[in-house]
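Student: Here's the letter readout for the chains.
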Amino acid sequence: MAAKSIISRPVYGTLSPQPGKHHLFIADAEGALAISDMAGRAPAGFFDGAEIDFIPGPDGKHVAALEALKPAQFHQAPSFASLLPRLKQTLANAHMGLRLYLAGTEGLIGQAMQVALEAGIDHTSIQTEHRGSLARRMQCVHCKGITENVTTQPATCAHCGLLLLVRDHYSRRIAAFQGVCINAEDRSEIPPMEEIFR
Amino acid sequence: MSTGTTKLDVIVSDVVPVNELVTRFHFRRRDGQLLPTFSGGAHVVVEMRDGERTRLNPYSLMGSPLDTREYTISVRRDDVGRGGSLFMHRSVRPGLEMVISYPVNLFSLDLRARKHLMLAGGIGITPFMAQTAQLAAEGGNFELHYTCRTASLGTYADVLRERYDRRIRLYHDDRDERIELDRLLSTQPLGTHLYVCGPSGMIGWVRDRAAALGWPSETVHFEHFAAPQPGLPFDVTLAVSGKTIRVDEQQSLLEAIEAAGVDPPYLCRGGVCGQCETNVVSYDGKFIHNDHWLSEEDHRSGCKIMPCVSRFEGRSLVLER
Numbered sequence: 001m002a003a004k005s006i007i008s009r010p011v012y013g014t015l016s017p018q019p020g021k022h023h024l025f026i027a028d029a030e031g032a033l034a035i036s037d038m039a040g041r042a043p044a045g046f047f048d049g050a051e052i053d054f055i056p057g058p059d060g061k062h063v064a065a066l067e068a069l070k071p072a073q074f075h076q077a078p079s080f081a082s083l084l085p086r087l088k089q090t091l092a093n094a095h096m097g098l099r100l101y102l103a104g105t106e107g108l109i110g111q112a113m114q115v116a117l118e119a120g121i122d123h124t125s126i127q128t129e130h131r132g133s134l135a136r137r138m139q140c141v142h143c144k145g146i147t148e149n150v151t152t153q154p155a156t157c158a159h160c161g162l163l164l165l166v167r168d169h170y171s172r173r174i175a176a177f178q179g180v181c182i183n184a185e186d187r188s189e190i191p192p193m194e195e196i197f198r
Numbered sequence: 199m200s201t202g203t204t205k206l207d208v209i210v211s212d213v214v215p216v217n218e219l220v221t222r223f224h225f226r227r228r229d230g231q232l233l234p235t236f237s238g239g240a241h242v243v244v245e246m247r248d249g250e251r252t253r254l255n256p257y258s259l260m261g262s263p264l265d266t267r268e269y270t271i272s273v274r275r276d277d278v279g280r281g282g283s284l285f286m287h288r289s290v291r292p293g294l295e296m297v298i299s300y301p302v303n304l305f306s307l308d309l310r311a312r313k314h315l316m317l318a319g320g321i322g323i324t325p326f327m328a329q330t331a332q333l334a335a336e337g338g339n340f341e342l343h344y345t346c347r348t349a350s351l352g353t354y355a356d357v358l359r360e361r362y363d364r365r366i367r368l369y370h371d372d373r374d375e376r377i378e379l380d381r382l383l384s385t386q387p388l389g390t391h392l393y394v395c396g397p398s399g400m401i402g403w404v405r406d407r408a409a410a411l412g413w414p415s416e417t418v419h420f421e422h423f424a425a426p427q428p429g430l431p432f433d434v435t436l437a438v439s440g441k442t443i444r445v446d447e448q449q450s451l452l453e454a455i456e457a458a459g460v461d462p463p464y465l466c467r468g469g470v471c472g473q474c475e476t477n478v479v480s481y482d483g484k485f486i487h488n489d490h491w492l493s494e495e496d497h498r499s500g501c502k503i504m505p506c507v508s509r510f511e512g513r514s515l516v517l518e519r
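First to last, the sequence lines map onto chains W and E. The numbering of the first sequence is our numbering, which starts it at 1 and goes up by one. The numbering of the second sequence is our numbering, which starts it at 199 and goes up by one.
In short, the hints are calculated from the structure, not lab data. Don't take each hint at face value.
Stated by the list, open to error - DSS-like cross-link-like pairs, simulated, lysine-lysine; straight-line CA separation at most 30 Å:
(1) W:K88 - W:K21
(2) W:K88 - W:K70
(3) E:K313 - W:K21
(4) E:K313 - W:K88
Produce the entire structure from the sequences given, and follow the hints as far as they go.
Tutor: Given below as structure tokens:
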């Protein structure tokens, strides 16, 4: 579970079935388990009005478990980027009464939420549950480049090469944690790199 | 102590009968300066000095927030109420000097919304007069559904239709026209916020249907017009100030506390803002809770009361004031 720290650091809950006409689930990898667990608490027929968009990831597991829930629509994608056009289209055509559920890695939850915010859904209206990797999407505050799947502290910016302190300071707008140069005064000072976001 | 309610000295600049029940009042500052800015949905508390009695009633500002030369309110005459609206209708004339509070907004627009869907019932139209003016000036996307008893009691329906044309949809009870609420709520684009102001039955209905149809609570905004209801007189002991007071039939508990020289905090005087929440020390009798602030659990507990709108019937009531 993600530890609580400063207020901007997102905290996640446990998926729970909401009243609504349509239910859209976006999940990756072990996020599928959060959906399966929630299904046990959902009223009969809940998934008749549901769409599940799933990114299985490298393990390729959990597809059958989600199909077994018999959602009205089930869609698999190899990556979030490949899912994005479909997600944008779905939200653009959606009406009030659609409820959004996000489950899986922080990167997936953050990026799906970013699209939802742009479509006019308030972040407090979205159900989230974190499962799996704590790897972070990080924005270098100096060059603004985004580095995906950051697991170390400090981390090297994949764009400008600066050594960055990965902060808990998070931006919902860009769906990334902020990375700030850790040795701006003396670039020869190289703190040890530890793998902490697993 | 009236939190956030700094007073404004105003003069009644115009009194305009709108229909058989509603009259509009215009206020300007006595010193000729501009009034404070406000946003659509704000209200002011009007002090009504009626002989020895002072009533303080909240009314939504209905003018455009872009024009602060004057404030306007519309008052519906309530023949069986506590007399505030009758005082306004009978005694307030152009040129009268009055005191009103600074505007306070407990029913503001959420400007992040992609669309604003407004539902008004009867005199609940007044906050929407200001909100539609505010949105229209910014090119905002809104739609207003307005239910009134008859066309002649459709206060400002003509003005709204003229200003906003098809963005205004009218429903007349006497013609058996009803909002198709479920269909309306199910066809709104994502990012719509819902605003409802009118009788409490209407607000309850709209909130229930919106919740059932999957509208998150943060997208549903409502304002009750909870004027204090008259009732049987009752006695109250104020434990902190050591006073025993009587609340008259036509007086609210808050007004009675103020009349005794005790100055509790207040803001809306309509049972929604929570400022005047008061602890009950002991009681023997039954509460008549009329507020929309305390939870049902609080109401049952007998530990709290909102003196602006709620009353009491029974042998004794001791409050922590």
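Student: Taking the hints in turn, state whether each one holds.
Tutor: Tested hints:
1. W:K88 - W:K21: Holds - the C-alpha atoms of K21 of chain W and K88 of chain W are around 19 Å apart, at most 30 Å.
2. W:K88 - W:K70: Answer holds: K88 of chain W to K70 of chain W is near 23 Å, not above 30 Å.
3. E:K313 - W:K21: OK: K313 of chain E and K21 of chain W at ~19 Å, within 30 Å.
4. E:K313 - W:K88: holds, 18 Å
In summary, this structure violates none of the numbered hints.
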